[in-house]
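Q: If you want the building blocks of each chain, they are given just below.
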Amino acid sequence: MLITKNLTAGYKGIEVIKDINFKIEPGEIVAIIGPNGAGKSTFLKSIFNLAEVYSGRIYFKDKDITDFETHELIYYGISYVPQGRLVFSNMTVLENLEMGAFIFNDKKLIKNNLEHVYREFQVLKRKKDELAGNLSGGEQQMLAMARALMQSTELLLLDEPSLGLAPKFVSEIFEKVLKLKSEGISIIIVEQNAKKAVEIADRTYIFEDGKIALEGGKEILKDPRIKEIYFGGR
Amino acid sequence: MFNQLLINGLIAGAIYSLVASGFSLIYSICKFVHFAHGVVITLSGYFLYFLFSKLGLNFWFSVILSIIFASLLGFLTDKVVYKQLRKRKASNTILLMASVALLIFFESLILLLFGADVKTIGYIKISKGIEIFNAIITPLQIVIIIVSIILLISLFLFMKKTKLGKAMRAVADNKDVAETLGISSEKIYSWSFIIGSAIAGIAGILVGLEQNLEPTMGTNLMIKGFTAAIIGGIGSVPGSILGSFLLGLVENFGIWFLPSGYKDAIAFIILFIFLLFRPQGILGVRR
Numbered sequence: 100m101l102i103t104k105n106l107t108a109g110y111k112g113i114e115v116i117k118d119i120n121f122k123i124e125p126g127e128i129v130a131i132i133g134p135n136g137a138g139k140s141t142f143l144k145s146i147f148n149l150a151e152v153y154s155g156r157i158y159f160k161d162k163d164i165t166d167f168e169t170h171e172l173i174y175y176g177i178s179y180v181p182q183g184r185l186v187f188s189n190m191t192v193l194e195n196l197e198m199g200a201f202i203f204n205d206k207k208l209i210k211n212n213l214e215h216v217y218r219e220f221q222v223l224k225r226k227k228d229e230l231a232g233n234l235s236g237g238e239q240q241m242l243a244m245a246r247a248l249m250q251s252t253e254l255l256l257l258d259e260p261s262l263g264l265a266p267k268f269v270s271e272i273f274e275k276v277l278k279l280k281s282e283g284i285s286i287i288i289v290e291q292n293a294k295k296a297v298e299i300a301d302r303t304y305i306f307e308d309g310k311i312a313l314e315g316g317k318e319i320l321k322d323p324r325i326k327e328i329y330f331g332g333r
Numbered sequence: 058m059f060n061q062l063l064i065n066g067l068i069a070g071a072i073y074s075l076v077a078s079g080f081s082l083i084y085s086i087c088k089f090v091h092f093a094h095g096v097v098i099t100l101s102g103y104f105l106y107f108l109f110s111k112l113g114l115n116f117w118f119s120v121i122l123s124i125i126f127a128s129l130l131g132f133l134t135d136k137v138v139y140k141q142l143r144k145r146k147a148s149n150t151i152l153l154m155a156s157v158a159l160l161i162f163f164e165s166l167i168l169l170l171f172g173a174d175v176k177t178i179g180y181i182k183i184s185k186g187i188e189i190f191n192a193i194i195t196p197l198q199i200v201i202i203i204v205s206i207i208l209l210i211s212l213f214l215f216m217k218k219t220k221l222g223k224a225m226r227a228v229a230d231n232k233d234v235a236e237t238l239g240i241s242s243e244k245i246y247s248w249s250f251i252i253g254s255a256i257a258g259i260a261g262i263l264v265g266l267e268q269n270l271e272p273t274m275g276t277n278l279m280i281k282g283f284t285a286a287i288i289g290g291i292g293s294v295p296g297s298i299l300g301s302f303l304l305g306l307v308e309n310f311g312i313w314f315l316p317s318g319y320k321d322a323i324a325f326i327i328l329f330i331f332l333l334f335r336p337q338g339i340l341g342v343r344r
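Chains as they are written, first to last, in the working numbering: chain S, 100 to 333; chain D, 58 to 344.
Hints should not be assumed to be uniformly reliable.
[Unchecked claim] The list that follows gives simulated cross-link-like pairs (lysine to aspartate or glutamate, EDC-like), each with its CA atoms no further than 16 Å apart: (1) S/122 <-> S/308; (2) D/220 <-> S/194; (3) S/280 <-> S/124; (4) D/140 <-> D/267; (5) S/226 <-> S/197; (6) D/220 <-> S/301; (7) D/217 <-> S/228; (8) D/176 <-> D/267; (9) D/217 <-> S/194; (10) D/218 <-> S/228; (11) S/207 <-> S/197; (12) S/122 <-> S/322; (13) D/218 <-> S/197; (14) S/310 <-> S/114; (15) S/210 <-> S/194; (16) S/224 <-> S/194; (17) D/217 <-> S/229; (18) S/275 <-> S/127; (19) S/117 <-> S/308; (20) S/210 <-> S/229; (21) D/220 <-> S/124; (22) D/217 <-> S/308; (23) S/280 <-> S/127; (24) D/244 <-> S/308; (25) D/218 <-> S/168; (26) S/160 <-> S/127; (27) S/280 <-> S/301; (28) S/162 <-> S/151.
[What the hints assert, rightly or not] Which stretches of chain S does chain D cover? Using the computed rule of at least three CB atoms under 8 Å from a CB of chain D, they are: (29) 160–174; (30) 181–193.
These are calculated hints, taken from the structure and not from any lab test.
Even for Gly, the Cβ is constructed at its ideal location relative to N, Cα and C.
For reference, chain S alone in the conformation it holds in the complex (with noise of 0.2 Å):
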């Protein structure tokens, strides 16, 4: 579904991230796990065109979208859901889902998908008209997903959704992301807390210094490799 090619990104003419050959099919969770400053995150913004790309090549569906402006991602159907839980904090629930939907005009679509949200995320549809800042973290981390999800998304990408997040929050948010799967999302997710997802992810890549240091499945965290990525020197 999306297939990078020996991507090479950072910000301000310093490579983050180099050669990375990643892929996702459709309906998969991939994670992508790995110590601090790793480049995890720089790798989902350069996909989002929000670093800059110096070489290599990013194809969605044998589309070639490596030079596609952000608002022009949306359109072909990918998402992305940033760190930390950014909501519009001074408008309310439904008005950020609306922003959400910000790229459509079709009023019955938006409603569509204003519904389906809510189905999933029922606490959004009691706290609609609540300011999105006096929401609790979990529930600033549901509304974030949640607007992602009024773009009728096909590739979702998290940025670290558990970060900072009480635990019974956390395994809501892994819930959702396995529920997003069951629909047909394909899903990259970033995590610092790798175990849990592992545990979700079809198929997981640690980084390390801005490489993948590691590719599998499951059994991936009882690699012996895995100690020396996140503790070991150089």
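Got chain S sorted already, so can you dock chain D onto it with the hints?
A: For chain D alone, coordinates are given in the frame of chain S:
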């Protein structure tokens, strides 16, 4: 006396709110202090003077052209000056300096073209004030209050109900997230300048009719509008309106106790009190 001061305060508040709301709108979205907003006010007043008093065009036609002119001017300052600076990753302080430069440039341009003497638009003949509750108010002043209230309510509804208004609030809230949802922040910046400057244009026309034209009128209004915006909570449009009326009322009631020459001093004492004890303003959020 009380009623007269109340009415004077409301008139001043209405004028300040027209200045402060446009300024605050631009600030909340673009996150920098657009001081040249003041000179947009002056220019629209002079533009009306030029079209109506010099060229002799129809008054209402001239008014509409002046508002469009102000809007276009705001749009162009953003496109020609600020956008270019943003592209070069200029900090907000640089943008502030640029806006002060623009203010001085346009003010000097007006001096050059129209001279330093006071100009009168002269559409409204000096009319006797109407007496309401033992206070005197002119028909123009009533118009000023009504126009400002209608404008502010429409601005509020626009920001609350329309898709563009909501997108503007989204960019004001978090530009980067808005971008990831397909909202182009540059487009929204342009819209904030178009709408904010149109309100400034209307302010320029009303003030021009009420107090005549001077090259520095916009700068003086801008200082008051800025003060009002800080009192009300910078970045909050409703706050800036609240601050404007508060400022207008306090200034006018202040001269009950002090000589009228202290009017400006009263405004700045309030500014200092707010900066010291409640820097986020009345409706602002402490960050």
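Q: All the hints need checking, so say for each whether the structure fits it.
A: Results for each hint:
no., hint, result
1, S/122 <-> S/308, "violated (19 Å)"
2, D/220 <-> S/194, "holds (10 Å)"
3, S/280 <-> S/124, "holds (12 Å)"
4, D/140 <-> D/267, "violated (35 Å)"
5, S/226 <-> S/197, "holds (14 Å)"
6, D/220 <-> S/301, "violated (39 Å)"
7, D/217 <-> S/228, "holds (13 Å)"
8, D/176 <-> D/267, "holds (12 Å)"
9, D/217 <-> S/194, "holds (9 Å)"
10, D/218 <-> S/228, "holds (14 Å)"
11, S/207 <-> S/197, "holds (13 Å)"
12, S/122 <-> S/322, "violated (21 Å)"
13, D/218 <-> S/197, "holds (11 Å)"
14, S/310 <-> S/114, "holds (11 Å)"
15, S/210 <-> S/194, "holds (13 Å)"
16, S/224 <-> S/194, "holds (12 Å)"
17, D/217 <-> S/229, "holds (14 Å)"
18, S/275 <-> S/127, "holds (14 Å)"
19, S/117 <-> S/308, "holds (9 Å)"
20, S/210 <-> S/229, "violated (19 Å)"
21, D/220 <-> S/124, "violated (36 Å)"
22, D/217 <-> S/308, "violated (46 Å)"
23, S/280 <-> S/127, "holds (7 Å)"
24, D/244 <-> S/308, "violated (37 Å)"
25, D/218 <-> S/168, "violated (28 Å)"
26, S/160 <-> S/127, "holds (14 Å)"
27, S/280 <-> S/301, "holds (11 Å)"
28, S/162 <-> S/151, "violated (19 Å)"
29, 160–174, "holds (count 4)"
30, 181–193, "holds (count 7)"
Of the numbered hints listed earlier, those contradicted by the structure are 1, 4, 6, 12, 20, 21, 22, 24, 25 and 28.
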